[in-house]
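If you read the sequences in order, they're chains A and B.
Using full-length UniProt numbering, the first residue of the first sequence is number 1, and each one after it goes up by one.
Using full-length UniProt numbering, the first residue of the second sequence is number 1, and each one after it goes up by one.
Think of the hints as simulated: they come from the structure by calculation, not from any bench.
Just so it is clear, the structure is predicted and the values come from calculations on it, not from any experiment.
Some clues are possibly wrong.
[Stated by the list, open to error] Simulated crosslink set (EDC-like; lysine to aspartate or glutamate; CA at most 16 Å straight-line):
(1) K472(B) <-> D56(A)
(2) K10(A) <-> D21(B)
(3) K472(B) <-> D500(B)
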Amino acid sequence: MKILTGNDLKTGDVIWWTGSDWSRHVENAVDVGEHGERILHEEEATRRVNAPYIIDAEQTDDGPRPAHIKDRVRALGPTVRPDLTLKPADPEAGNWVI
Amino acid sequence: MYQYDQYDQQMVDTRVEEFRDQVKRRLAGDLTEDQFKPLRLMNGLYLQLHAYMLRVAIPYGTLNSKQMRMLGHIARKYDRDYGHFTTRQNIQYNWIKLEEAPDLLADLASVEMHAIQTSGNCIRNISSDQYAGAARDEIADPRPWAEILRQWSSFHPEFSYLPRKFKIAVIASEEDRAAMRLHDIGIQLVRKDGELGAKFFVGGGMGRTPMIAPEIRDFVPADELISYAEACLRVYNRYGRRDNKYKARIKILVHELGAEEYTRQVEEEFAHMKTLGLNPPVEELARITEYFADPAFEGNAPDELDLSDPDFKLWVDQNVVAHKQPGYAIATISLKPKGGIPGDASSAQIDLMADLAEQYSFDELRVTHSQNIVLPHVRKSDLYAVWQKLDEAGLAPANLDLITDSIACPGLDYCSLANARSIPLAQKISERFADLGRQRELGELKLKISGCINACGHHHAGHIGILGVDRKGTENYQLLLGGSAAEDTSLAKITGPGFDEDGVIDAIETVTDVYLEEREGDERFIDTYRRVGMARFKEAIYG
Chain A
1 MKILTGNDLK
11 TGDVIWWTGS
21 DWSRHVENAV
31 DVGEHGERIL
41 HEEEATRRVN
51 APYIIDAEQT
61 DDGPRPAHIK
71 DRVRALGPTV
81 RPDLTLKPAD
91 PEAGNWVI
Chain B
1 MYQYDQYDQQ
11 MVDTRVEEFR
21 DQVKRRLAGD
31 LTEDQFKPLR
41 LMNGLYLQLH
51 AYMLRVAIPY
61 GTLNSKQMRM
71 LGHIARKYDR
81 DYGHFTTRQN
91 IQYNWIKLEE
101 APDLLADLAS
111 VEMHAIQTSG
121 NCIRNISSDQ
131 YAGAARDEIA
141 DPRPWAEILR
151 QWSSFHPEFS
161 YLPRKFKIAV
171 IASEEDRAAM
181 RLHDIGIQLV
191 RKDGELGAKF
201 FVGGGMGRTP
211 MIAPEIRDFV
221 PADELISYAE
231 ACLRVYNRYG
241 RRDNKYKARI
251 KILVHELGAE
261 EYTRQVEEEF
271 AHMKTLGLNP
281 PVEELARITE
291 YFADPAFEGN
301 APDELDLSDP
311 DFKLWVDQNV
321 VAHKQPGYAI
331 ATISLKPKGG
341 IPGDASSAQI
351 DLMADLAEQY
361 SFDELRVTHS
371 QNIVLPHVRK
381 SDLYAVWQKL
391 DEAGLAPANL
401 DLITDSIACP
411 GLDYCSLANA
421 RSIPLAQKIS
431 ERFADLGRQR
441 ELGELKLKIS
451 GCINACGHHH
461 AGHIGILGVD
471 RKGTENYQLL
481 LGGSAAEDTS
491 LAKITGPGFD
501 EDGVIDAIET
511 VTDVYLEERE
521 GDERFIDTYR
531 RVGMARFKEA
541 IYG
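Same shape as in the complex, but just chain B (with noise of 0.2 Å):
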């Protein structure tokens, strides 16, 4: 994992301390909220429904047990002894007191950690592949440039003050499991005559318009990807609309003007970068890399596995998948009890996915965008142990990529934009369909739900979706169909007219009755739709 040089700790130190004059201020009367508000939200502190939000970034996803102690520990200490990891890879608390947040952001940047960039026009946490360097289908690790990007868009002058948000994901293989081009830019390394480079996907996005990025470049080499990046965002800083919010996402300048004059200006741009040197130099980029060489793997570590428990084989069947190390394997960790809130954990399971970490996974954890955490590295001969560990602990489920997996934002119940409440939805469908073996016959079935059009529980890329409205004063839910986030990425279309809460999830039982009637073969339930098409879900849901 990348650890912080002398530069990297000092500006977060610095911005600490910056933030806890800047709260004295607050609390003294010398700044009011609306001078406050902007310097708070560059801080990662929202005001929500019940009180303070702060969201603490993640690089990545990657996270050492140091530092999910500490998470652990702002829980207990800040919060109540909660927090909810989101889906793009970051951590929210909910009851964050102002007068404590300086204490917090201090304590937090002690393990490496700060909420910089996680609010605000500029670009965000950069979000990856939440099995790097384990994954056996990558063709490099894509967290070096994870972390080369991070570095590169913190405190970046020019684009702190962008149209809109910005959201970058970088991964490394050909199946996406980032949700790579539903982001501002997606990036995909990849070779070509065998040298490392990236494509480029510009201009995607879910919220109230929803676009899958086109592809706008398919090989920039390695040492040129920043000043690619830095490309594309300069048109976009130029050119993108900031007299609209709802229309300054970068996704809709590429659309007005068309993927294939956006995709002239950045290379006019390109080429003039090119002249001015931007690129990192080599021997930081091999910095950067030896942050993330392999753990030291046991070369001979055993491959077989006692799969006589049939409930731990369950769980090695769903939630564990095959590492590039023979021996190794990587586990994920799920938190979609039945009942529970999606994403949420106590201090307490903080603390134990911390320690198992420590001792079982080279002291690595992930968070992933579908709000699990992932062991990367366990040798195939501790699955057991970790196993009962979790399980003592109600940590495990065994049921990722099923219905009861869902991502779910924190809805009306916490967010101050939501017009729906999201979560009880996921509990309520995590109660129906709590049969493992129904949830296994329906196999994988990607479950999202949002509680407004912001999409931040990514409905639109649901193999089911859900998105909550406000009809005239009640929550009323429509249901989307056929979205994808992965390497077939779809948009889902909506089925008609929307439910109310035991309406939309009979409805998705109706729509699961339909798919296991129409199935073929081994299809999955998005494989089926898109054969089927609409029409069929439809006839059934409405009549």
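Okay, chain A solo, but in the shape it has when bound (with noise of 0.2 Å):
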């Protein structure tokens, strides 16, 4: 599948375009197929995300799981810091990363 994340323009928070709007949480990300460049686009000019780019992603039963380590950091947090992750409360988030 293919997901589209960025970061939000005012907080530099992580995104993840949910079909109709940006969410914090990859869970939410829906597949954009062959969309992703049109929506990217649009989404640009609103000013609600920036730098917003395409990337492949494996649908489990936890939600879209980024085909690459670093969009998968980027989902969680960093690693190293728990408690700053989106999962505070599991300090085993991170070995859904690796």
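Since each chain sits alone in its own frame, please combine them into the complex, following the hints.
Following this line, the structure appears as structure tokens:
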């Protein structure tokens, strides 16, 4: 599957395209199929997202899992600071990245 | 310490307001990201993996307590309560909001600090010896010269768009504590027949093509130092490769021309420069130098030290070095606790270090390229009190220059350029070698970890270096041996095929075992490696 990601222009937060809006949680990302480029340009023009790009991901029971480790780190947060990730209560969350 | 004059302050304040307007226009849609990106980078604001990252310049790594407290304030107010001290003596914040960046920069400007020229193809923050002004072995204080270079290079119109970024280091002792020969220009202050001047080394650097800077001039009179630096830059600016980012650093130009031909061209330019009268006026040199006068040391401060507390003794043995003034010492605060993140400090720790500097170190702190903090002027009789307060705050690891005092770049946990994580390796190594007795048995051992070939973690210069690479989407680590950033500068060599995370840590343990077996007398790891050679280590690692 193809999903869209970028950073919130104002806050810099990592965000994922949900089909109608942007979410901080990769679980909410949707497959954009062949429409990635069009959505990317439209959304960039709204200034809701900065530097968006299309990535490959795998659909899993827990939602989309980015194909590349770099995007998995982006999706979770720094593995060396579990308290600053999106899953601060789960010290094992870093294993999802690897 | 240097204090801004009206021009310095006006330049920084004006830049803050200019950037405030640029941010406003970006948020309003009047600037595209393509238009805005170079503007934010000129103000040190990157877009990294998780958020905007701001790199704040700390000129030659020197801070007063008010500035240090401001760094803590910024961590609390604008970031997530911590900052990361870098291998270029700066500090980075990882979670900055674009809309708040102008206010942050205004706060910084209020204590004579900024983030200008911490990115882009310009002359970056000047680095220097963290012991400057306190070291016994320096022939002069390098900081006035670093400050003059800072002023010369700030907004230098000719050097704002160089072929590539440009880094300068200034030292003033034979012992190199600033990785001087791994800079684009390394300047070593020297005396010749009593006259102060400088040796120039040009064309060093790490990154994907590491090179040790050759010496191109053994003596430039001190009052011509700026002109000579300008000549070096002019030749580079004219002939440096702009067609290929990977060949654009000055080291490539010096290598391709040959040091002799590059020097000839610099000398020709220098002869021309001399006719232009560009040297700073003598009275300006004197004015700047006055800011770096010795603090009011007590003439009869006691030189004895009560080392009856064994933990304190370990810290003194490892982290405290002799000061030029009897009765005083230079103390290094290690930011490398067991399992910690090299270079990270919480706002509370930053505040504490500021308090200690104010109370015990004539209001001064230094950031080291090894990602530690120095209190440069502590009375020996105050060391115990300083140590106790550091210990309470988790800031008293007694591991300076030992295997757990590793350098590590932010790596793939934060950096968009990285291919692999570097911090987890530093953490695991600090746990594997946690026993201080074992660390001390291994002695001086510089371990340096980079998460990509750009080498922010200085892996080329590690006695033991680690380079993280991407191997078919998986993190892989190459092991290197034999580098040094000190006066015996050398570049490390790759041992062979890479490892996974646990594998490289096992390999490091093997390497240290070989060292202990082969060591003769009081050889350091690097000495034994140089004597024995790579093959012995390689055989032990790969069988």
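Problem set entry | Straight-line alpha-carbon gap K10(A) to D21(B), limit 16 Å | 15 Å, holds
Exercise. Straight-line Cα separation of K472(B) and D56(A) no greater than 16 Å?
Worked result: Measuring from Cα to Cα gives roughly 15 Å; hence the hint holds.
Problem set entry | 16 Å Cα cutoff - pair K472(B), D500(B) | 13 Å, holds
In summary, the structure agrees with every hint in the numbered list given earlier.
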